[in-house]
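Chain by chain, the residues run as shown.
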Amino acid sequence: MSDPLAPLRPRFQARCAEDLEKISALSPDAANVPALIEICHRLAGVAGSFGARGLSKAASAVELAALSGAWPDKGVVSALILLLESEARPGQ
Amino acid sequence: VGESEQYRHFYLFDIGFGKTSAYLQGDLAADPCWRIVGRDGDLGLTALMDILYADDDQDIRDLVSFSFELDATARVQTVSSGDEALEALRARSYDAVLLDVMMPDLDGPGVLTRMKEGLAPETPVIFVTARALPEERRRYFAMGATDVITKPFDPLTLVAKVRSALKRPG
Chain A
268 MSDPLAPLRP RFQARCAEDL EKISALSPDA ANVPALIEIC HRLAGVAGSF
318 GARGLSKAAS AVELAALSGA WPDKGVVSAL ILLLESEARP GQ
Chain B
796 VGESEQYRHF YLFDIGFGKT SAYLQGDLAA DPCWRIVGRD GDLGLTALMD
846 ILYADDDQDI RDLVSFSFEL DATARVQTVS SGDEALEALR ARSYDAVLLD
896 VMMPDLDGPG VLTRMKEGLA PETPVIFVTA RALPEERRRY FAMGATDVIT
946 KPFDPLTLVA KVRSALKRPG
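Read top to bottom, the protein sequences are chains A and B. Just so you know, the numbering used here puts 305 at position 38 of the first sequence, and the rest follows in order with no gaps. Just so you know, the numbering used here puts 912 at position 117 of the second sequence, and the rest follows in order with no gaps.
Source of the hints: derived by calculation from the structure; they are not laboratory data. Treat the hints with care, since some could be wrong.
As a list, the in silico EDC-like pairs of lysine to aspartate or glutamate whose alpha-carbon atoms are at most 20 Å apart [to be verified]:
{"no.": "1", "chain 1": "A", "residue 1": "K289", "chain 2": "B", "residue 2": "D949"}
{"no.": "2", "chain 1": "A", "residue 1": "K324", "chain 2": "B", "residue 2": "D852"}
{"no.": "3", "chain 1": "A", "residue 1": "K324", "chain 2": "B", "residue 2": "D949"}
{"no.": "4", "chain 1": "A", "residue 1": "K324", "chain 2": "B", "residue 2": "D854"}
Incomplete in silico selection of chain B near chain A, CB under 10 Å [to be verified]:
{"no.": "5", "residue": "D854"}
{"no.": "6", "residue": "I855"}
{"no.": "7", "residue": "M897"}
{"no.": "8", "residue": "T924"}
Some residues of chain B that are not near chain A, with every Cβ distance over 12 Å (derived) [stated by the list, open to error]:
{"no.": "9", "residue": "K911"}
{"no.": "10", "residue": "F936"}
{"no.": "11", "residue": "M938"}
What you are looking at is a predicted structure, and each value in this text was computed from that prediction instead of being measured. All C-beta atoms in this analysis are idealised placements derived from N, C-alpha and C, irrespective of residue type, glycine included.
Okay, chain A solo, but in the shape it has when bound (with noise of 0.2 Å):
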């Protein structure tokens, strides 16, 4: 079956790259939280649109630990960092 969202993919993809940038260039402190929430709340609601519902869940679990205020776990940044390479570099 062909993806109707074909045409919009390779965007997608390259915003993945872009966000995983961002996410991989904040120092993990509390000064960079307000940044942290703004990317991961935005991904959130882009990437289930596109089918990543994992990637989705993922930045959705990453803002709502960082609306403490305090830098998530490292475990819950990993796992976002990693779903993310996946997305930005398919078949890697």
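Keeping the supplied structure of chain A fixed, place chain B upon it in accordance with the hints.
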């Protein structure tokens, strides 16, 4: 094609379509928001659903445009900020406005407030948000929102969801 007292331009389309023939008359030059839409061999007049959508995320705007391209009876104009939404609303009216909640500067609730204050008080507003906790939903409805659509949305069913929300009694 001719003219009448009621309409500047009078169009008569006689369309053979299976067992049905139908015609459409009206001033299409002044009101282009009507189309003939075939449904199961029948023809009916369906009003074009005319939507304004505001979201600061380009990928979401692309997805929304894609969703509306799938439906010939709906169209969308997308803008990237709350201020642009107000500008669009000053220029003309829409059947409904869809607003992202979190936008820099003027956010979705801010746009709704300005609309209710007089810019477009009767135009239905639907919030589209990734954060729709029950207390937030209650707040949006208390502000006068018609509905809240949760992100992520399915781009293949978004237009149907909007249409359904607008048909529900307020």
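(Q) Can you confirm whether the C-alpha distance between A/K324 and B/D854 stays at or below 20 Å? (A) holds (18 Å)
Q: Take a quick look at B/K911 and tell me if its Cβ sits farther than 12 Å from every Cβ on chain A, holds or violated.
A: holds (25 Å)
Q. Do the alpha carbons of A/K289 and B/D949 lie within 20 Å of each other, as the hint requires?
A. Violated, at roughly 26 Å.
**Q.** Agreement of hint B/T924 with chain A interface, Cβ distance less than 10 Å
**A.** holds (8 Å)
(Q) Between the alpha carbons of A/K324 and B/D949, is the straight-line distance 20 Å or under? (A) holds (15 Å)
Q. Are B/M897 and chain A close enough, Cβ to Cβ, to be under 10 Å, as the hint says?
A. holds (7 Å)
Q. Would the stated hint for B/I855 survive a check requiring a Cβ distance to chain A of less than 10 Å?
A. holds (6 Å)
**Q.** Proposed proximity, B/D852 with A/K324 (alpha carbon, max 20 Å)
**A.** holds (19 Å)
Q) Regarding the hint that B/D854 lies at the interface with chain A, is the smallest CB-CB distance below 10 Å? A) holds (5 Å)
(Q) According to the definition I'm using, a residue is off the interface if its beta carbon is farther than 12 Å from all beta carbons of the partner; does B/M938 meet that for chain A? (A) holds (20 Å)
Q | 12 Å Cβ clearance of B/F936 from chain A | A | holds (20 Å)
Consistency note: the structure conflicts with earlier hint 1 alone.
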